[in-house]
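Q: Residue strings, one per chain:
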Amino acid sequence: MSGKNFKMLSNPFNLQNPVTVQILGICSALAVTVKLKPAIVMGLSVIVVTAFSNLVISWMRNSIPPRIRIIVQLVVVATMVILVDQVLRAFVYDVSKQLSVYVGLIITNCIIMGRLEAFAMGNKPWPSFIDGIGNGIGYAVILIVVATVRELFGSGTLLGFKIVPQAVYDAGYINNGMMIMPTMALILVGVIIWIQRSYFKQLNEKE
Amino acid sequence: MRNFSNTYIYTFSIVMVVIVALLLSLAAMQLKPFQDKNIEVEKKQNILASVHINSTPVDAVDLYSKYITESFVLNNKGEKLEGEDAFKIDLKTEISKPAAQRSLPVFVGTLDNGSKAYIVPLRGKGLWGPIWGYVSLQPDLNTIYGTIFDHQGETPGLGAEITMDWFEKPFTGKTIFKDSTEFVSVKVLKGGAPEGDPHAVDAISGGTITSKALEAMLDTCLVQYKTYFLNNRQ
Numbered sequence: 000m001s002g003k004n005f006k007m008l009s010n011p012f013n014l015q016n017p018v019t020v021q022i023l024g025i026c027s028a029l030a031v032t033v034k035l036k037p038a039i040v041m042g043l044s045v046i047v048v049t050a051f052s053n054l055v056i057s058w059m060r061n062s063i064p065p066r067i068r069i070i071v072q073l074v075v076v077a078t079m080v081i082l083v084d085q086v087l088r089a090f091v092y093d094v095s096k097q098l099s100v101y102v103g104l105i106i107t108n109c110i111i112m113g114r115l116e117a118f119a120m121g122n123k124p125w126p127s128f129i130d131g132i133g134n135g136i137g138y139a140v141i142l143i144v145v146a147t148v149r150e151l152f153g154s155g156t157l158l159g160f161k162i163v164p165q166a167v168y169d170a171g172y173i174n175n176g177m178m179i180m181p182t183m184a185l186i187l188v189g190v191i192i193w194i195q196r197s198y199f200k201q202l203n204e205k206e
Numbered sequence: 000m001r002n003f004s005n006t007y008i009y010t011f012s013i014v015m016v017v018i019v020a021l022l023l024s025l026a027a028m029q030l031k032p033f034q035d036k037n038i039e040v041e042k043k044q045n046i047l048a049s050v051h052i053n054s055t056p057v058d059a060v061d062l063y064s065k066y067i068t069e070s071f072v073l074n075n076k077g078e079k080l081e082g083e084d085a086f087k088i089d090l091k092t093e094i095s096k097p098a099a100q101r102s103l104p105v106f107v108g109t110l111d112n113g114s115k116a117y118i119v120p121l122r123g124k125g126l127w128g129p130i131w132g133y134v135s136l137q138p139d140l141n142t143i144y145g146t147i148f149d150h151q152g153e154t155p156g157l158g159a160e161i162t163m164d165w166f167e168k169p170f171t172g173k174t175i176f177k178d179s180t181e182f183v184s185v186k187v188l189k190g191g192a193p194e195g196d197p198h199a200v201d202a203i204s205g206g207t208i209t210s211k212a213l214e215a216m217l218d219t220c221l222v223q224y225k226t227y228f229l230n231n232r233q
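First to last, the protein sequences are chains A and B.
When we follow numbering that gives the first Met the number 0, the leftmost residue of the first sequence carries the number 0, and every step to the right adds one.
When we follow numbering that gives the first Met the number 0, the leftmost residue of the second sequence carries the number 0, and every step to the right adds one.
Chain A with its partners taken away, still in its complex shape (with noise of 0.2 Å):
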């Protein structure tokens, strides 16, 4: 992998990442991180949407009529979820139980589209797919970064293991029920900008 190509897959780990800096992706980014299983199957769904539309998009984008193409997007994009649903009701069932409707509303996650029409529809196939299997990453951290705080202090499990032990709570030690919350992941996410910008400097808006 060239240099340049490894700057495309790592830069939305963290400058460029979707969801601190762009801010986009967020409602699902709430939704599916009470616990952290769901949040690792959101996060590699969503790897593997945005880099196999951003291929698909980027192979055919020659032959795409620019009057139709945001339509042509979404079909390959709804494919894809449809595809990744399918196979998740198949094999993981309960978590896609928990996932519910946040599987089939990927559809609608700005990241996919932002990336197809600001990346695929006007690179080659292979720097797309690494362009989207990086954006998906940048994606999954921050959603396994807030799933991991808020089911350690939510719920005191990790992946559904006991963390907290059992004296801590015979201690008076109860579970946050604040984390559970929707309201706590906006809050984290926050906090997780905050942290970002304090510490990269460039990603600050000059005054």
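By construction, these hints were calculated from the structure, which means they are not laboratory data.
Predicted model only: the values in this text are computed from it and were never measured.
Think of the CB as a built atom: it goes at the ideal place given N, C-alpha and C, for glycine as much as any other residue.
Some hints here could point you the wrong way.
[To be verified] Simulated pairs of lysine-lysine, DSS-like, Cα-Cα distance not exceeding 25 Å:
1) A:161 x B:168
2) B:96 x B:42
3) A:96 x B:79
[To be verified] Stretches of chain A that chain B covers, calculated by requiring three or more beta carbons in the stretch to come under 8 Å of a beta carbon on chain B:
4) 60 to 71
5) 86 to 93
[As the list claims (entries may be wrong)] Facing chain A, according to a computed beta carbon distance under 8 Å, are these residues of chain B, among others:
6) 7
7) 8
8) 26
9) 27
10) 28
11) 33
12) 34
13) 156
14) 182
Given chain A, work out where chain B should sit, using these hints.
A: What follows is chain B alone, placed relative to chain A:
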């Protein structure tokens, strides 16, 4: 930018839609057996859970055939209907029929100590979507042995609490008949049920609509079996 003719645009759309349709129907057909299996296993797990038997997706099928020894279908007069498979009955379609034409499934579990439990499925409307569950009764067909509830999309932390142990557990030991003949179901009371009330449990704070919906579901589903319960108690 290249200029595309209308003919090209139409052809492009048609070809694309046909390819996508083929792809999706192929995927749906290939994956359908796996998905149906998952739904069946989940139903078995729920039925087992209503008689306090914990199962995993792996052992649910074996445990189900071990503990659920009998199942039959009734009409609302309490008469057994022949030739219907209780497990295959879809409550959603039954509820949309007039009361007299409904097929009402009953599952009978034989527990480790040899006593029987009669399991009845429930289905109702929650705040955001359907809620459903199973309630198991002791052989007196009056005392609740266990319950399990589930929902599609009730509010997390509020209405969704109906699936939690703290909500389901108090149902155990409640009775659905007053003075052993008058059907009263089990009420879900806002502000808490009075201590020792045999026909009421605590509602969920902040989940009033789901609590009321669950109460209505218990009432409307159980009352259909009233004649059978009264005539077959032991």
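Q: Going through the earlier hints one by one, which of them does the structure break, listed in rising order?
A: 3, 10 and 14
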